[in-house]
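Novice: Model the full structure from these sequences, guided by the hints.
These protein sequences, in sequence, are chains A and B. Going by this note's numbering, the first sequence opens with residue 1, and the numbers climb by one from there. Going by this note's numbering, the second sequence opens with residue 278, and the numbers climb by one from there.
No wet-lab data here; the hints were simulated from the structure. Backbone N, C-alpha and C fix where the C-beta goes; we use that ideal spot for every residue, glycine too. Any given hint might turn out to be false.
Distance condition first, Cα-Cα at most 16 Å in a straight line; then the derived EDC-like pairs of lysine to aspartate or glutamate [unchecked claim]:
1. K80/A x E103/A
2. K80/A x D326/B
3. K86/A x E74/A
4. K80/A x D342/B
5. K80/A x D100/A
6. K48/A x D118/A
7. K80/A x D340/B
8. K306/B x D326/B
9. K306/B x D342/B
Some chain B residues flagged as far from chain A (calculated, every beta-carbon gap over 10 Å) [unchecked claim]:
10. T281
11. L288
12. E299
13. D307
14. R320
15. N346
16. A364
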Amino acid sequence: MPLRRIGAGLRGELWAKLESFNPGGSVKDRAALWMVLDAEQRLDLAGKTLLDATSGNTGVALALVGAVRGHRVELCMPDKLSPERKRIAVAFGAALTLTDPLEGSDGAILRARGIAHDQAYVYLDQYANPANPLAHERSTGPELWAQSGGRITHFVTGVGTSGTAMGTSRALHPLGVRIVAVQPDEALHGIEGWKHMPSAIRPPIWDEAAADEHRTVGTDAAIAMAKRLAREEGIFSGPSGGGAVAAAVEVAREHAGMVVALLADGGERYLSTPMWE
Amino acid sequence: MPVTVRLPGTLRDAVAGQTRIEASGATLKDVIADIDRRHPGFRARVLDDRGAIRTYVNVYVGDADVRDNGGLDALVPDGSDVMVIPAMAGGR
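Specialist: Pasting the structure below:
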């Protein structure tokens with residue numbers, strides 16, 4: 001979708017890829033589906049429970065895929081997060097293990113690693129599972145190329161597990177597209193789904209060399225841009241979508257071409273947070 | 278009697294690596310000011326330029342979210358357990 005008002009006056013064209021239109025409402029449907037199908041091919045899942053650590057959208061996506069494919073799903077997620085994603089995951093039938101909110105997503109990862117020793121579980125481990133970036137290599141990347149008519153020159157995405165950046169890099173880099181990876185500018189941030197890599201557990205699938213550029217965005221700038229997206233473009237985005245567009249604006253200010261930002265989810269999932277007050 | 282403030286890993290650098298810190302004050306605003314006196318810069322990590330709790334920080338006094346309970350003017354009784362946590366977490 002073109003961002004005509006926010007992109008006005010920039011050297012490059014500014015576009016957004018809206019992942020909120022996926023069945024589970026976020027980009028995480030892709031990784032969840034690929035990880036579950038991969039597990040079905042490699043393992044006997046009869047009687048097993050699929051397990052992962054998530055702060056929300058992957059949990060919703062895994063719960064949805066689990067419901068469709070007939071698997072039990074258990075999710076480790078930090079306590080006291082906004083309730084929307086927890087409630088949706090439970091609605092799809094997932095069980096939740098709430099972890100120490102002071103330890104954030106890293107605490108959820110450590111709890112999942114502990115539980116994973118139990119043979120009753122299959123730990124999908126989105127941070128290390130090659131099927132996560134493969135989903136984006138096989139789906140997101142080719143879609144971006146096809147939907148842009150081969151005109152995309154820069155792809156801007158936040159980094160959390162890094163699956164989107166890694167997979168799209170493999171698909172689009174050979175076609176000459178530059179990958180721009182964006183992180184929060186400090187450890188304590190509110191850009192859901194993104195990781196401040198210097199202070200977090202490093203995802204094993206992450207390789208900085210996959211991106212041509214690395215940028216940072218502050219939470220206030222991300223939320224301010226999410227509000228502009230709603231009011232100027234009619235796009236209701238989460239904070240990470242705002243962050244991606246904020247970075248993409250800078251890229252399009254510096255470069256000609258077609259700059260596409262990935263908006264990972266919709267603003268509905270943050271209605272209970274102060275973001276929209 | 279002081280209150281105990283527990284902090285996330287992402288804020289520990291602001292208080293010399295501590296995971297919990299004793300502080301005093303009748304309200305949350307006072308407690309934050311007390312910590313900031315000993316660890317300058319702490320206040321700016323938790324509050325924004327307008328002096329409000331940052332949108333991505335949640336503060337609990339006991340089990341009560343202060344946003345529903347007076348905000349920075351929330352009372353912090355002696356011996357309270359105060360928890361400062363990121364409202365969201367990285368890595369979906």
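Novice: Hints first: check each against the structure and report whether it holds.
Specialist: Status of the hints after comparison with the structure:
Using a Cα cut-off of 16 Å, the hinted pair K80/A and E103/A holds, with the two alpha carbons roughly 11 Å apart. For the hint pairing K80/A with D326/B, the CA-to-CA distance comes to about 25 Å; that exceeds 16 Å, so the pair is violated. This hinted pair checks out: K86/A and E74/A have alpha carbons roughly 12 Å apart, not beyond 16 Å. Between K80/A and D342/B, the direct Cα distance comes to roughly 10 Å. Compliance with the 16 Å bound is thereby established for this hinted pair.
For the suggested pair K80/A and D100/A, the alpha carbons sit about 9 Å apart, so the restraint of at most 16 Å is met. Note on K48/A and D118/A: the hinted pairing holds, with a Cα-Cα distance of about 10 Å set against a maximum of 16 Å. Restraint check: the Cα-Cα separation between K80/A and D340/B comes to about 10 Å, which is no more than 16 Å; the hinted pair holds. Using a Cα cut-off of 16 Å, the hinted pair K306/B and D326/B holds, with the two alpha carbons roughly 15 Å apart.
For the hint pairing K306/B with D342/B, the CA-to-CA distance comes to about 14 Å; that is within 16 Å, so the pair holds. With a minimum CB-CB distance of about 12 Å to chain A, T281/B clears the 10 Å threshold, and the non-interface call stands. Distance check for L288/B against chain A: the nearest CB is about 6 Å away, which does not clear 10 Å, and the non-interface claim fails. Every CB of chain A lies more than 10 Å from the CB of E299/B, the least distance being 17 Å, so the non-interface label holds.
Every beta carbon of chain A lies more than 10 Å from that of D307/B, the smallest distance being close to 22 Å; the non-interface claim holds. Taking the minimum C-beta to C-beta distance to chain A, about 13 Å, the non-interface status of R320/B holds against the 10 Å cut. Remark: the non-interface label on N346/B is consistent with the geometry, its nearest Cβ contact in chain A lying 14 Å away (cut-off 10 Å). At the 10 Å boundary, the C-beta of A364/B falls inside the reach of chain A, the nearest C-beta of that chain being 6 Å off.
In the structure shown, a violation is registered for the earlier hints numbered 2, 11, 16, in ascending order.
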